[in-house]
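Residues per chain are reported as follows:
There are 2 protein chains.
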Amino acid sequence: MNRITSLFGIRYPIIQGGMVWCSGWRLASAVSNAGGLGLLGAGSMHPETLREHIRKCHAATHNPFGVNIPLMYPQIEEIMQIVVEEVNIVFTSAGSPAKWTGWLKERGVTVVHVVSSSRFAMKAEEAGVDAVVAEGFEAGGHNGREETTTLCLMPAVRAATTLPLIAAGGIATGEAMLAARVLGAEGVQIGTRFALTQESSAHEYFKEYCLRLQEGDTRLLLKKLAPVRLVRNNFRDAVEAAEAVGATQDELRILLAHGRAKKGIFYGDLEEGELEIGQASALLYGKQIETVAEVMQELTEGYRRAWDALKE
Amino acid sequence: MNRITSLFGIRYPIIQGGMVWCSGWRLASAVSNAGGLGLLGAGSMHPETLREHIRKCHAATHNPFGVNIPLMYPQIEEIMQIVVEEVNIVFTSAGSPAKWTGWLKERGVTVVHVVSSSRFAMKAEEAGVDAVVAEGFEAGGHNGREETTTLCLMPAVRAATTLPLIAAGGIATGEAMLAARVLGAEGVQIGTRFALTQESSAHEYFKEYCLRLQEGDTRLLLKKLAPVRLVRNNFRDAVEAAEAVGATQDELRILLAHGRAKKGIFYGDLEEGELEIGQASALLYGKQIETVAEVMQELTEGYRRAWDALKE
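These protein sequences, in sequence, are chains A and B. Taking the numbering used here, the leading residue of the first sequence gets 1230, the next gets one more, and so forth. Taking the numbering used here, the leading residue of the second sequence gets 1230, the next gets one more, and so forth.
In case anyone wonders, no lab produced these hints; they're calculated from the structure. Do not take every clue at face value.
As the list claims (entries may be wrong) - Label pairs and their calculated CB-CB ranges:
#	chain 1	residue 1	chain 2	residue 2	range
1	B	1466	A	1332	18 to 26 Å
2	A	1491	B	1534	41 to 49 Å
3	B	1323	A	1484	30 to 38 Å
4	A	1487	B	1443	53 to 61 Å
5	B	1437	A	1307	50 to 58 Å
6	B	1288	A	1441	20 to 28 Å
7	B	1307	A	1487	39 to 47 Å
Nothing here was measured: the structure is a model prediction, and the numbers come from that model. C-beta: ideal position from N, C-alpha, C; glycine also.
Chain A extracted, bound-state conformation (with noise of 0.2 Å):
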């Protein structure tokens, strides 16, 4: 996977998911600080804050960190403005690489796009982007619409650009790690896991929630507006009522008003929060909140052992 090690400068090719409401300078930095790559999430901030978490990431760590910045952010110009003057490392999502690629490449950033499909990864690809996640239907949150899962997902983007290509979605172990690599990855970006960890801004009912949900507990719903992986509770009950009997846009967006996920993950607002969470979350079933260093070391040693059982 040397490619993506050489790409940021780092020891292992696992990147941290610069997940709403989990991916503060603590988490950031404590990836960054067990050799992975640590990724501020600019989608939960005000510009400000994310300008105070870098700083404060580059205090507790001497390790190249990114910024993840959703492209339909309000305030984009300025999160931009920002970014350029603190960090040299943007993970882009949620919209056309095509603007900002350029302008950031231009300003020395290195610039990595998280897609979908093949078509989008062509179309990154096209942008100028150094590297792209492609991302499975398997995945926390926010999610294509082609529900493409990771095990198809890989090969394809694989086959369609030449680009240094990280697997996100279902990947929480070192064997799902290895089996990325099999399916053409050279790294992972890696969310639940890091969500649920100690250094982790969610709040500690959430993490403790998701840690005992099991296989089906997550969904992806609201398609009518932007696929969403929901975990289980009263808010996905009434999303899901709503949707079987035909609820339109508005309606949805009604139910879904604003702030729902910063209730549900930041405040641990386990019933009317929107709570979301990767598939990878029933293989963590009973675990207890792990700091970063210890997942980072079962990242490892599980590749290894992985690795080593394919060899016997």
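Starting from the known structure of chain A, arrange chain B on it as the hints suggest.
Leaving out everything else, chain B in the frame of chain A:
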């Protein structure tokens, strides 16, 4: 992958899916002759048709083959009587393994059950099956309600039982076979790739259509009845339109009507038929309709290639 090859007495741990309207004696015997395990698909055969296919399959191969039986089959008693008289390998799906597993095993039959969750895998183990197929969300045709993808399902089932484990869903290449092995599978079941071979009894129009699908062209629908992965066409557009406005079970049943799958897959009515194929079809884009022998060779060579690439 030794437990699977020794369980069935086959050369490669590659099992052909028993897909409806594709899996007659020509396909099953070709797969068995090429060193895999062919399966006749009882789901789309009258009992006497099945007996005829079993006898023709015996005439066409000296190698082991089996029968796939959906347990909600209407004349299940009759089918079970025929299979114990004629074969000694049965794959059961779409129903509880508790009722028939013991009865089949008393009669010397090797029984494998298809599951979509670790909970169902444990039930299959309790029922006394010899192995399980764990089939992920990306698979064609009928599918589990929990939508767990192959990447997340394999380690979950691997952790839940000690049974030999066969991975299914999204596997159409040797590379994916190796990824499945990394995730704990000892063999694979391949549907989509074999459904589109020359020996498959599906209509040529269907095969050609499926070899031109791209990512996102299949979708899991009809979740209010039984979830099924469908290819885009007029019929599916009608299903999606009905579901978008909250169609009830009864309304969906009327739309589905009888014989839609036969119409689409066997008679080649690409617009009004129900076309079932897996997500992996997009990885076969632009291929010709190959023979089973060609597919088996590509699978085994691809596996070897992926293995060599990993060792580099």
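We went through each hint and held it up to the structure:
The given range of 18 to 26 Å is broken by residue 1466 (chain B) and residue 1332 (chain A), whose C-beta atoms sit roughly 40 Å from each other. Between residue 1491 (chain A) and residue 1534 (chain B), the C-beta spacing of about 48 Å keeps the proposed range 41 to 49 Å intact. Range check, residue 1323 (chain B) to residue 1484 (chain A): Cβ separation about 34 Å, and the 30 to 38 Å hint holds. Between residue 1487 (chain A) and residue 1443 (chain B) the beta carbon distance is about 36 Å. The supplied range of 53 to 61 Å is therefore violated.
For residue 1437 (chain B) and residue 1307 (chain A), the hinted distance range of 50 to 58 Å is satisfied, since their beta carbons lie about 52 Å from each other. One distance hint, 20 to 28 Å for the beta-carbon pair residue 1288 (chain B) and residue 1441 (chain A), is violated here, with the actual separation near 55 Å. Between residue 1307 (chain B) and residue 1487 (chain A) the beta carbons are some 60 Å apart, a value that contradicts the proposed interval 39 to 47 Å.
Checked against the numbered hints given earlier, the structure breaks hints 1, 4, 6 and 7 and satisfies all the rest.
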